[in-house]
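Engineer: Each chain, written out:
There are 2 protein chains.
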Amino acid sequence: LFLKHTGGLPQPGLLFQIFSPPLVSPAAERLRYILGDDDEPPNPTLFTEMDTLQHDGEEMEWKESARWIKFEEKVEEGGERWSKPHVSTLSLHSLFELRTCLQTGTVLLDLDGYSLPQIIDDVIEKQIEDGLLKPELREKISYVLLRKHRHQTKKPIHRSLADIGKSVSSNTSECLGSNSYPVASLSHAQSRSMNDISDTPSTDQLKNKFIKKIPKDAEASNVLVGEVEFLEKPFVAFVRLLQATMLGGVTEVPVPTRFLFILLGPAGKAKSYNEIGRAIATLMVDDLFSDVAYKARDREDLIAGIDEFLDEVIVLPPGEWDPNIRIEPPKKVPSAEKRKSVFSLNEVGQMNGTAGGAGAGSGGGGSDDGEMFCGGLYLDIKRKLPWFPSDFYEGFHIQSISAILFIYLGCITNAITFGGLLGDATDNYQGVMESFLGTAMAGSMFCLFAGQPLIILSSTGPILIFEKLLFDFSKGNGIDYMEFRLWIGLHSALQCLILVATDASFIIKYITRFTEEGFSTLISFIFIYDAIKKMIGAFKYYPINSDFKPDYVTMYKCECVAPDPENAFNTVKKPEFASTISWTLDWTQLSKKECLKYGGSLVGKSCKFVPDLALMSFILFFGTYSMTLTLKKFKFSRYFPTKLRKLISDFSIFMSILMFVGLDVLFGLNTPKLQVPTDFKPTRVDRGWFVFPFGKNPWWVYLASALPALLVTILIFMDQQITAVIVNRKEHKLRKAAGYHLDLFWVGILMAVCSFMGLPWYVAATVISIAHIDSLKMETETSAPGEQPQFLGVREQRVTGIIVFVLTGISVFLAPILKYIPMPVLYGVFLYMGVASLNGIQFWDRCKLFLMPAKHQPDYVFLRHVPLRRIHLFTLVQIVCLAVLWILKSTVAAIIFPVMILALILVRRLLDFVFSQHDLAWIDNIIPEKEKKKEDDKKKKKKGNKGDSSSDEEVCPVSTFTASTHFLPQFPVPSVIKIPMEPLPPAPQNGGPHCLSRK
Amino acid sequence: LFLKHTGGLPQPGLLFQIFSPPLVSPAAERLRYILGDDDEPPNPTLFTEMDTLQHDGEEMEWKESARWIKFEEKVEEGGERWSKPHVSTLSLHSLFELRTCLQTGTVLLDLDGYSLPQIIDDVIEKQIEDGLLKPELREKISYVLLRKHRHQTKKPIHRSLADIGKSVSSNTSECLGSNSYPVASLSHAQSRSMNDISDTPSTDQLKNKFIKKIPKDAEASNVLVGEVEFLEKPFVAFVRLLQATMLGGVTEVPVPTRFLFILLGPAGKAKSYNEIGRAIATLMVDDLFSDVAYKARDREDLIAGIDEFLDEVIVLPPGEWDPNIRIEPPKKVPSAEKRKSVFSLNEVGQMNGTAGGAGAGSGGGGSDDGEMFCGGLYLDIKRKLPWFPSDFYEGFHIQSISAILFIYLGCITNAITFGGLLGDATDNYQGVMESFLGTAMAGSMFCLFAGQPLIILSSTGPILIFEKLLFDFSKGNGIDYMEFRLWIGLHSALQCLILVATDASFIIKYITRFTEEGFSTLISFIFIYDAIKKMIGAFKYYPINSDFKPDYVTMYKCECVAPDPENAFNTVKKPEFASTISWTLDWTQLSKKECLKYGGSLVGKSCKFVPDLALMSFILFFGTYSMTLTLKKFKFSRYFPTKLRKLISDFSIFMSILMFVGLDVLFGLNTPKLQVPTDFKPTRVDRGWFVFPFGKNPWWVYLASALPALLVTILIFMDQQITAVIVNRKEHKLRKAAGYHLDLFWVGILMAVCSFMGLPWYVAATVISIAHIDSLKMETETSAPGEQPQFLGVREQRVTGIIVFVLTGISVFLAPILKYIPMPVLYGVFLYMGVASLNGIQFWDRCKLFLMPAKHQPDYVFLRHVPLRRIHLFTLVQIVCLAVLWILKSTVAAIIFPVMILALILVRRLLDFVFSQHDLAWIDNIIPEKEKKKEDDKKKKKKGNKGDSSSDEEVCPVSTFTASTHFLPQFPVPSVIKIPMEPLPPAPQNGGPHCLSRK
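The listed protein sequences derive, respectively, from chains A and B.
Take 1 as the starting number for the first sequence in our numbering and just add one per residue.
Take 1 as the starting number for the second sequence in our numbering and just add one per residue.
Any given hint could turn out to be false.
Since the list gives no way to pick out one identical chain from another, each pair is judged satisfied if it fits inside one copy or across any two copies.
The list that follows gives simulated cross-link-like pairs (lysine-lysine, BS3-like), each with its CA atoms no further than 27 Å apart [as the list claims (entries may be wrong)]:
hint, residue 1, residue 2
1, Lys212, Lys635
2, Lys777, Lys540
3, Lys855, Lys212
4, Lys540, Lys608
5, Lys534, Lys608
6, Lys216, Lys855
7, Lys855, Lys271
Hints listed in this document are in silico derivations from the structure and should not be mistaken for laboratory results.
Quantities reported herein were computed from a predicted structural model and do not represent experimental measurements.
Bound conformation, chain A alone (with noise of 0.2 Å):
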């Protein structure tokens, strides 16, 4: 029951597309001709402000009702109160009618005016001149347009008494006078009555919170509209100011007006005079159609841009809507400039769509470089330099200190562990002491000059049990246990120097997502895993008597006795205390240790259980972690202002921590405590920092050392660059680019030093440094209410790396304070840090997908490209192999695993036998979800009519950044692999097959 056009308007356009060859409209023409030139400027940010007439009796205000940066925010009608942001839900109805106010109404371009009662002169001049309004009707319009504006920041005075005498106030006003217009008068025209508009900014403008949400350089539009009795057809005007120009009270910030739009109606419609009003104000913040109003000519190019609008309108049904449920912004709104670009003349879509990153990190870019020997390091150091200044002082902002403490946790947590077991396995020729030493020196130096940074160093499992079966085979084999591992060590750097030498890094183009995130999954799990044994440990370790009945408890005891005389004196164990000290001890004064180390022996009910710690250990652990989870969480929540709350997040590791502390300190319980060292010395007394290359082994050993060392060779290698693949990744969006060879040459070095002192091996570990990313992820401050913070990308900088080492290197002084964190704590955030690294991995959301419905499965792109059983049966031959891998790392078989690993890149080769590259494509290339998701959309927009738009956006993009190609030097162009060493995403190539049998 609508749809007239009474306006001269009908153009031909693309509607009828389908029945008629499609046609450049005489509207798109308009458009294009006025937005073609993009040499300008951009224009700036609109702020739009609409204000509604209020009669209080029978005066009147302009009171705010909504607002716009670029989504709605409402005045609630009695709350008093803005509504969250949410998308303007137009009707199609007020569409029109704007269409038709700016067809009949005065249009005034490019006004030269510099306060509103200048402006509204000219504006109702030009209606007289026009013979839409009587003149008689001009005083009425101007006293009511100059009324004074009401901003959501003032609190209506009258209202706050109101409620107890509203009778009485509403009285007062009226006896101002029944018609206060007035009339004619025009003595009254110019007085203070007339013009309640000052031309200062007010102190509540200035005093305004809210400017802090709009840009700088923002400008303002103005809408106003109202109902009057006086009017017998509506006053519509349309405004370009030729300046933006500051009209006092008129908008709640002291922003310079530019546009003002203004509809004044008979009574009685007041709604549609709203919604219209909501439907200029919601165009003129639309990116598309405020570039029109800045540059239109005339009437008819602002009419171009409603049908713009109109066209790429998005309209919902009204039977499965209701138009009263506000819509929260979406994540991520369509650009602009794609629809911008099919009108400018230049293209500049595609520009833009790169330009975003592209001064950084091409940096070396001359692929024939890498020709050359020890050109992929050259390379690295070349593009590393320029940021090395950046990498210090870009490090000092607040968040670096919650990661610094997050990750120094983690890496005393770890150096601890693995020195404990490294302790074990070699008879403590090296320990704890070592571990801290090496983690500090090597973790520092790397954070120092390595390619990534925000790697970080670490013992791992594979090193450890490698480190086991060389101290059992030495000294099976009657050799010297550190000379032989400095020459393994030594010849180990070297291979690792060849390959960096020899560009080997090139094989990390074989790691897909299938190989990263089995990788990355098998070593969440093995975190996961020993947190939970360790946990159940603890069970073990302080058994717990089930058995124990309050009453009985004069039952239990654990006595220790004196060993019978005649015994002692036959076993002659110990036999300097036995003849001795047997009978001058009181053996009921003995601790259990005691009892034993003199050959006593324990007798009672109770000896061989601990009371309360294995349970308190266990609330400790659980409650670490889910209360990590939980405030990890909080940022989510409704409560406290974003910043608390972003704080509360980013410390939830440490806040929990001391959580935790504090209640253990308050049970006083004697749980198992972290223990550091506190004297700086070697826990072997028998060796010293260095150990001496020759002399203990034959000669032929330092040679043949050369085998086993190519196995840790393979093993560093690949522990290496698969940890740098994934800290590399694109959804990273880091812009410093990578450093591949730079950082296996610094893992070398290190493991010469660390040879030649008799520490630890390290390299890079997945899970802390997935972790340290975590924690130096940046977002937008939110600009305009509503809209979602955007990932930006890491703080890459290499201060939170050093600090860490070093306050891991002097926690060796730190002792007295870290004794108080109880180990079970620390088992907590091991397991937070294995689940939470487990998030985000792509292979885990698909694993939960076998338990989900298909009607309940999230919306993931890959779900709508791939057939659901092919992506199980992808899940079913990584979870496969990730099981043959968990076996053979449990068994002695672990020596061999990297070796397993280079197998994995082996299986996803065969893949490609097993699955078409269209959904490998999908499944396992690495572009983030996000950006695959939009470059579907893209292509879906492409599809769509746009017969004239041709953009080579459109045609399967190969970006300029694909990869050095030295990366790739003879190899056929694989279809998916995705080589992530360049900083910059190239487009993804949904695809890929079409798009590669191109080249």
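Starting from the structure of chain A, add chain B where the hints point.
Structural biologist: Just chain B, lined up with the frame of chain A:
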């Protein structure tokens, strides 16, 4: 760049109503004519399926690409699966294109077709007749339209092998012929290849489980779109069949087809055709348009339907929304009745608004009856009696089992807790045994006969305190407690009956949300407080030895030391033992209790401590609580099918209890267990099961006991009625009405009985009653995919309550099983009950608002209408009231607790002077949130520009069921008080004060 309307459209409509007075447009006139007649039965639901033409090589087939019942489900391009149901987002473009299609294409209404080939023949014939189609294309079109339809249920055969041998299969299909159109070969026309459509439903169709989602009487509308090379302009047809006909394999499910929309067009615009197809499909499932489609007399009617649809669509600006985001179906969509009512002549809207429950509960209705003696009771019985049989047969449902288990556990825990406390307070005159017997007897009688069988009776805190004071008083003044108590009970019972007879329950109309929520929050807090207090008690009862060092286990013992003989003789505390036993005993073999009993003393470090139990209790307590919470939320997770999740959620408490009982058994620790009396006899041996009323106290005590009885009466009355008001709340959508008088009658009777038997007194327990209701809530089984299940009401019956109390009674025999349940697990359940009953209390939501910055607050409807500071003030008053009540409850003044709740009502009355009626209407009335929002939306819509809609819904609605008026005989009509005595919600009065002033 569009907007062209070549067709013979623009009728002057409402569009430019702000420029011209609103007129009823011809389109509206048309719709009014065809829709106005409302006596016809409603049209069947339409199931719409859209099939698109796929070209596989030269072969063609129709592939299902989307379907609609209410929301859209799309076949994912590559995913070969259904997308989640979502709101169809259309482009304005496609809607206008569709409009043109219908204007220019063939429209055949009421075609008498029995098979697809015949229908297609008819359509083509018509097109050729009208000159729209060249006759030579007849065969080609017919061939295309009769291709096979492949539905999403069918796995494509060639695809399963495709991934490996794709190229092969595509080659073979090409071999079949480069042009497989049977060009004008009439012999082909009859051949099987000409018609792939069978007449009988295929097995695939019959096996399709989707049919369950489609209403039985549904009809199908099929949309076929595709591009073919031989056409130069589109071939469009809209067909309505005279009779819905099964068209073989065209539809996915065996549903007869009524509508057919065909769009074939020249190649190159598949996307456009697709969008048009989606547009018509969306229209077909629109409630209003489908009516139009069924009743349309000609093409113009359909166009008018589209115009009406366009008039109502919701528009999202392109810059603020990404059209690729699939919008989840909203919780509730605006009813189509509203839209239809505009066109119907006899204003059906209002009728439907209240018809839903008109059959139920209005019952007694005749308000005159209320004036007579016992009128309320009489009415209650008259109202409840008809439901009595259904109260039994409606109870047999799987859901009842979980409710019974849940409530049973709550009841016995309560019975044991209060039994224990009463035993302490009354020196075991009333103990656990009495508590069990009384609960079982009173509860089952109440559930069997009372007005509101959903209420669960229990001992309550205030009564416990009263008994304690009474017992102390009796003891101190030499009065026989049991006899005194009997007389108080009798007096009180009499007073209750007098209250019933005088219809005193009218007072509940002053119980607004304020009082109600204050009371139930208090009770919830008591639950939470008690649970935590008990838990902390465990730490006191089982002290932890925090100094314990595992190494010094030898130092910890606890020995029983025989008393010093001299002392023993001197103190002569236990003469009978001291002389004889103390020397014959082996003191070291005595248990703690025995040792103390015989006068020994405990010596040793471990005597004071009990290991593990406290921590284990905590783990059980907190574990049960959080596991229950987690399982309850599991309903909203994505894992497992909906039914299984619902089951898990329903049985969450039971499962958590099982799990932690299992854990407790596993550890085998001696945690405190539930101890149920096993012998059926009074706790104290010197009392029987009947209290004789005379003989032990002086005669005046019989009369004087009326005074304390008054206190008990007030207490019982308030406790009972507030809980009843909460249970009978409108948001519970009870059909069977309340019975306040009948409830109180039975409480009185049971009180007398309990007094005679010396059992505790019983009254409605708030938290358990709410839990009872929650566990019996019913929801619609989702019909259309994407539609949200609606809360239907509560399973109102007497079965669950009766079984719960019978079980409680026979729990005495279940002791062997129940003794495995540790008390901490039950405290965990208590904590959960307390926390769960806080949810959904608006007061609690308002408390949370204090912690939320305004912009993060949820969109509560009252926040839209009442200024935040007024809300905060109101909340603060409530908090202060609660604090005062809490303090009172904790002191001896607890005995005047019921009087204080009366004071709460008074405070609420005073608030009338502080808050405006408008504000109170929003904060304090008891219309549930959702209804209010709906009402709000309705209002808003009304304010819209529908000048011609004047249904009487719009003026302040006064429900026909506001109250059986005998409850408010001579009071001035209060402004916002809702009297929830009747099952039907009076329409909310959000414009409260204004409405009432009209009365």
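Engineer: All hints are to be evaluated individually against the structure, with a verdict given for each.
Structural biologist: Going down the list of hints, with the structure as the test:
no., hint, in the structure
1, Lys212 x Lys635, "within (22 Å within a copy, 42 Å between copies)"
2, Lys777 x Lys540, "neither (40 Å within a copy, 46 Å between copies)"
3, Lys855 x Lys212, "between (43 Å within a copy, 16 Å between copies)"
4, Lys540 x Lys608, "both (11 Å within a copy, 26 Å between copies)"
5, Lys534 x Lys608, "within (20 Å within a copy, 31 Å between copies)"
6, Lys216 x Lys855, "between (47 Å within a copy, 23 Å between copies)"
7, Lys855 x Lys271, "between (41 Å within a copy, 26 Å between copies)"
Against the hints set out earlier in the document, a violation occurs for number 2 only.
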